[in-house]
Structures are given as structure tokens and as C-alpha cells.
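Novice: Got chain A sorted already, so can you dock chain B onto it with the hints?
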Amino acid sequence: MIKLNVNGRARELDVEPDMPLLWALRDELDVKGPKYGCGIAQCGSCTVLIDGEPVRSCSYPVSAAAGRKITTIEGLAQRGRPHPVQQAWMDHEVPQCGYCQGGQILMAVNLLQKKPNPSAADIDAHMTNICRCGTYARMHAAINAAAKMMGGAKSADKKA
Amino acid sequence: MTTKQLKTGAPASATRRSFLKTSAAVGGGLTIGFNLPAFGQGDKPAAEVNAWVQVRADDTVIIKYARAEMGQGSMTSAPQLVAEELEADWKKVKIEYALANEQVRRKRVWGDMSAVGSRTIRNSQEYLRKAGATAREMLIAAAAQQWNVAPGECVAQNGMVIHKASNKKLSYGKLADAAAKQPAPKEVALKDPKDWKIAGKSMKRRDIEDTVMGRQRYGIDAQVPGMLYAAVAQCPVFGGKVKSFDAAKLTNRRGIVKVVQGEGQQGGFVAVVGNSWWRAKEALKDVAINWDVGSNGNVSSGSIMEVFKAGLAATDTAVARRDGDVTKGFAEAAKVLEAEYFTPYLAHSTMEPMGATVMIKDGRVDVWVSSQNFEGSLVSAATAAGVPQENVHVHPVQLGGGLGRRGGSQDFTRMATLIAKEMPNGTPVKMLWAREEDMQHDFFRPASLVKVKGGLDAQGKLHALHIRVAAPSIIATLLRLPLKEGIDPQAVACFNDHPYSIPNSLVDYAQRNTHVPVGFWRTVGHSQNPFVRECFIDELAQAAGKDPVEFRRGMLGKSPRDLGVLNAVAKAANWDKPLPKGVFRGVAETEGYGSYTACVAEVSVNDRNEVRIHRIVIGIDCGYVVNPDNVKAQLEGSVAHGLTAILWGENTVKEGRMEQSNFHDYRMMRLNEMPKVECVLAPSGGFWGGVGEPAQAPLAPALVNAIVAATGGKRVRSLPLKNHGFSLVKA
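Chains as they are written, first to last, in our numbering: chain A, 3 to 162; chain B, -2 to 728.
Same shape as in the complex, but just chain A (with noise of 0.2 Å):
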């Protein structure tokens, strides 16, 4: 048996230890959020967090995943409420079809924890996620956002 912790829940599986993550969340555990693209780690649709960093779940063994905490898209708010990135992409409109959004919002999430007040040219670096109905733009402007977001939720909570 694999012990996996998603989302802040403990799951447990009996599957091959090279089942990629992805599949063991999507067909096992039917945790839907993280998405199959190419498979093959280019397009970023899969992504999800792994102790708070990146991983193409694709491409990325069950087993490696063990005891780890895992985010996926379906974990990120808090008590019901959305994340300030997810905020941000609602109130900048940024995704279309919608597909790579999950990823690309994980994503989005990590640069922010590394860089509070990222330039543009850590956003460019930063997100290499493939978005195929070109939200690149909206992306660029709701991280902004969510910086300013997320450096006013910390002053709030320090008053607090």
C-alpha cells in the first residue's frame, strides 16, 4: 500500500509504484483537478504541488510521492475560500477553455511563495505551463495582482 496525503487528507492505494501520480490521483482517487496533456512532462497540464514545489505528475512516480503532501488545484483554498491567485484569475477573466488553468494557477502559487513581488521577467521564467487558447497575457496581470493581494493579506494578518 502507498500512503499518500492530498489535500491535507490521507489517502491509501494498492497500485504498481510506477503508476505516474497523475493517473493514481485521476483514476484512483478520482482527484480530477490535475490534467494529462502529453504525458511526457512538456505541457504542464498535470502539474501539482509536492511539499509545496512543482512537479509534472505525468512523469512522476506514485511511489516518489509517498508520505509527501500533494496540492492539487482542488486543495488550495482555504475553509472554502479562494486562494488570492485564484482571485486574481477570476477577477482578471484569465482562463478560457480552462484546461491548463489548474496547472498554471499551482504554478503561479510556487512563484509567489519564492518570489513575493516577482518582475516580469520572473514571471517569464517562472511559468512554462502550455496554454493553448494563448491566456498568457491575463496570467501576466492577475500574478501582479495576487502579489499585491498576498502582500496585503500579510500586513493584515500582522496587525492581527
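These are computed hints drawn from the structure, not numbers from a lab.
Accuracy of the hints is not assured; some may be wrong.
Think about it this way: if two alpha-carbon atoms lie no more than 30 Å apart in a straight line, the pair counts; the simulated DSS-like pairs of lysine-lysine are [claimed, not checked]:
1. Lys325(B) - Lys306(B)
2. Lys325(B) - Lys481(B)
3. Lys150(A) - Lys458(B)
4. Lys306(B) - Lys450(B)
5. Lys191(B) - Lys246(B)
6. Lys104(B) - Lys481(B)
7. Lys178(B) - Lys165(B)
8. Lys71(A) - Lys150(A)
9. Lys91(B) - Lys104(B)
10. Lys727(B) - Lys116(A)
11. Lys117(A) - Lys727(B)
12. Lys574(B) - Lys555(B)
13. Lys91(B) - Lys198(B)
14. Lys117(A) - Lys194(B)
15. Lys116(A) - Lys673(B)
16. Lys282(B) - Lys5(A)
17. Lys458(B) - Lys568(B)
18. Lys150(A) - Lys481(B)
19. Lys578(B) - Lys555(B)
20. Lys194(B) - Lys166(B)
21. Lys178(B) - Lys104(B)
22. Lys568(B) - Lys306(B)
23. Lys673(B) - Lys150(A)
24. Lys165(B) - Lys89(B)
25. Lys673(B) - Lys325(B)
26. Lys104(B) - Lys183(B)
27. Lys150(A) - Lys88(B)
28. Lys188(B) - Lys198(B)
29. Lys198(B) - Lys150(A)
30. Lys450(B) - Lys555(B)
Only a predicted model underlies this, so the values are computations on that prediction, with no experimental measurement involved.
Specialist: The following block gives chain B in isolation, referenced to the frame of chain A:
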């Protein structure tokens, strides 16, 4: 549990199959869709005022959306038109999909359900607005009856009917039952768009919250109890067959249930069915398939080019347009230019690969599929399953991109149905194509070879133009429809309807079909022919010694909308102002899908042929704008989609099969390459044009004209640009 002896070798027919030892629980179970009803159990159902409008007692107004949502935004903008005439409170509007099964049972009450050809708004705006207006009048009539006053004394406003004299009010929820019983008025007046309050505004797209919160469900996300998964291998050479296969290695393989053989739209296929898609896909690698590739195994891009070249020299062409006499026109010309342009085959590569989930149980068929036409999917599944259409239920889902792949051809729906048919009664099967399968078994945007010849008179005006197209026909090969007078409108798009005043012009078409399956692709013929037309117009302008915008303006006197959008974009791009040193620009003007579009690109190119795009100014006149922010999103998206194709897009043929297989060799634009895009909305009113596709049309010629200007006039007459040594660098 199915435990049968594995059979191998050459099955006698597609229906004969191999049973494998399995550890999977194969079972039926209830179908659980993710399309939950709009009301909770025990709630009173909504009253249907008409097919498009339902009202619940709590004042919620349900507006039906009858097409698909793939990011084009019509799921929000189409209901905006209904809500506008209905005088609804937009905050209380809930949008629900019209169901294909109900469409069939109700004699196609929702009209065309396909989301293709940028047509949702332009083709349905009138009946959508009338549906809203009709429901509004029925709600007013119901209130007037209750108050015993004349309907003319009442007005509808923000979800309420108000009696002006007494200031009595009733909300739509309280009137719905009575309104549903009112006769529908035969004639309704529609609003002047200048009075719009809901339409014409950037209402937030209703599907976005679910997407962002991870709740959106696509075809690939179907989850049905007892579901199995199918991975598929189709004959790599289009039209080939399965000679035989050997699945002996799959005996006792964990989770593998069955191997199925069948005939798809592109030839034979083998599918492995198992209790996990990954297991099925891995097992498929161990099935030894002996393909009969037929006579197409030697076809290459080179041999296809020879076929097209012969088309350019052919005498059996069909005439798509004739003005004056081109032979005489060229004889009279002071200067004649000739050129050949080529555009390649292109795969769609929607982010979600093709697939479908199908369950056949006791003659009922349930289908979950990302489709641009749920009714088309229904028909396809009914035919493949051999059941009446009324027995098929297609559960609507969001599409992980459509781009034209999921409309006209329902090969994926049909294939999934054929596989499900091979399984025990009530077994749901989710078929999914690997990316490689998706890319190599597309219905490709046709390649096209075009010869252009232009003659200028002594004053430098375009006096004669001949355009000959040698290309496959989508209409003849995919839709299998006879061509009207030998012309496929997609093959000659933007040539046969060019807006320029040219005394002598001839457009003719040599239909040259190859074994490569072709289909509709975002912007179809308008994604490639404008590159030819508008780049050649620049060649002629240069030969005439004229400014490219001025040269076009001189020929657009009779085409005010083309001229209007060209002027709007030229103005926004400061065409008349000088550019910084080393920066060059190009322009193009196009029309298509009922709209008019123009583009100015500004670039610099260094001595390593690295292209920096400093700015793309792109404009549209779509007549009326229903949701401005969404129109902008479509223009931005058109630029990204277009640039991917222009820079890198080509699918090439070797030994009868497509060479590219995944994103490593069919490259997509990424965020760090996205240039600055400035959108110009220039709606002139009085007509309804499409939005999802037309903006891609002027992009390639504007960009290439700019690159030509930046590289000393060296012409680029084929795409993609990578084949000319160009690469893209962030500006």
C-alpha cells in the same frame, strides 16, 4: 469477473475479440453524471416559459445554452442576449445546457447546437433575442391578467413586472406558472442595441469560477461507477488496416480486461481495455500489431507537394471568381509579378486529447464527451451503437479546447461507442487517446499551394490578379458532400470574396485530395489564405512604390467595413508616425466569419534572424459587440494560436504517417514568448459578425510583411517561419 482464455492471431472480423484474464470488477451500476439538476430534491421544478427560459419560484431565471463551451465565452454571451430582452436581473440568471436528447425528442427546438465557425452569436442572435422578448411579454401578460389591467400599462424591469399607474409589482418567480400558460405573442419588437443594459457589457464569464476552483468537468473527467478505460492504437498510416495482432504478453497482466479490434474513421485500430488508463496504455505497448498499411506507405510531404504542383499546372480547375478578363488584363499590364505560396498541414492539439466515455445498457447509450456538437455526438453514438437517437443521452461537459477538431468529425465518439459495444451490457468505458495518438490521427488543417500573379498598370494600380489554389477539400473528404461548381469555399476563402476593386481577377481551384485526413481548424482557410493574399498585396505595393496601407485604401472604396477596420488599426498603431531605428512594421486587412479584421505588427530582426515582436495591434469590426472583454480575450487568444502556427506549426508526412507526435516536436508558444497585444474594437453596428476565429486571419501576413520589411525585402512565401531560420525572442 471475466476470465477467459486469451485468443491471439488474426481475428476474422472486427467483432471477434480476445478475452483476457482479469482482476477487474466488471460491473454496471447507476450512471452518475456531473450535470446535477438545477433544483434540490423536493423543490418545485422551474416553470418553462419557453424552450430557452425557465423561471423558478425563488426568481431564479434559467437560460438554456444550446452549444458547447470551449473557452470562446458564448456560454455567457449568448444568454446575455436572452436576458437583455427578457429584462432579467442578471444576478438571478443561471445558465444551463440544453440537452441533446431533449433536442431530439423536442424536434430540434434549440436549432443548431454546434459551436463551430464562430457562429453562435451571429447565427442565433435573432431567435435568442426573440425568445427573451417573447418570455417577457408572457410574464407581462400574466401580471396584467392578475391585476386585471391592460398589458400595455405594465413594464418589465430587472426581473419584475410593474404596473406603472398603481406601482404594483410582481417578481418573475411569482408569475412564472401563469406566464407559461399564456399564448406566445406572434410578433415581438427587439431592442435597439444602444438601449442594451446586459448585452454589450463585459459580464463575467459564468464558467470561470468552476475552472479556477478546480470544479470544472471536462469529457476526460467523466466518472461512472464500474468504469473501465481504453487506450487505443490506430494504424499509423492513414487508411491502413489491422492484419493481425498478438496480445499473448497481456495474459495475467494486472487490470487488463480485454483487447478489442475495430475500424475507425482513419483505418483499423486496436484498443486495450483495463481498470486504469495507464495500465491499458502500458499494456498496449506489448500488443504486437501487424498493420496492413496499404498503398499509402510511400507517401511523403515531397510526393504530396508534387500532387499540389501538378494541380497548379492543371487544366481541370473550377472557377471560384471571375471579374473582367485576366488574360487581357495581364496583356495590358505595365508590370507583372508571379509567386508561389505554401502553407502546411496543421494539427489542432487541443490541450485535452480526444476521448469519450460511453456506456451501453439495455439499449440506452450514455455518452460523456468533449464535443463541439453534442447533438452530432448523439447521432454518431446512436449510429455506432445501432439504437434509436431517442435512446442516447449525451451529458454536456466543458471542452478542453475545441479549435475545430471536435465538431465536424465525431470519430472519437464513434470509436468509444464501438469499444463500449464490445463490453458486457452496462459497462462504462472511458476511451482516451494518448497525445501521440491525438496528434497523429487528427483531421489536419489542409496544406495548400497557391500560385499568384498580379499585373500593375502604368500608374501602379492593380489591374489584373490571378490566384490558383491546389489543395485538398474538407467538404468533399470529411463531410463527403458534393462541391458546388467544384469549389470548396474553405480552400479559396478570402480569395473568392476579396474586397478589392480590381478590374480583372480570376480565382480558380484544383482540388487535390491526398490520403491525409483534413478538417476544420480554428479559422480554417482564413488561417492560411490571407497570408498569401495580403503578403502578395505587399509585394505589389512595393513594386508600385506605394505605402502598403495607402495601396490597400486605394482598392477599398467599395468595401467600407474593410476600409474602416484598416483605418482604425492603422490609427491605433500610429502608422503615419516614424518608428524607432531598427523597428519595422507590416499590415494586413481581412474579412471572414461575418467580421472585418486588420492587424499591424511591429518587429525588429537581428543578424541571427531572431525576431522580436514589439507590438501587435489587432482590430475587429464584428458589427455588434455582445461582451467586449470576451471579444478582447478572443483577439488575444487568436494571436497566441496564430503565432504558434506561424512560427513553428507544420505536420509533415513520411512513409505515409505524420512525423510529429507530441509537444516536443510540435511546438506551442509559451508565456515568455507572448508579445504585447493591443486590441481595437471598432464595431460599426448594423450586422452580427463572428469573433472566435476572424482575428487570426490578418496576423500571419501582418507579421510576415513586417519581417520582410525588417530583412531588406527578402520575401517569405511559406510557413512556418522556423523553416526560414527565424526564431522568436522576447521583445
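Novice: Out of the numbered hints, which ones does the structure contradict?
Specialist: Hints 3, 5, 14, 18, 19, 22 and 25 are the ones this structure does not satisfy, whereas the remaining hints hold.
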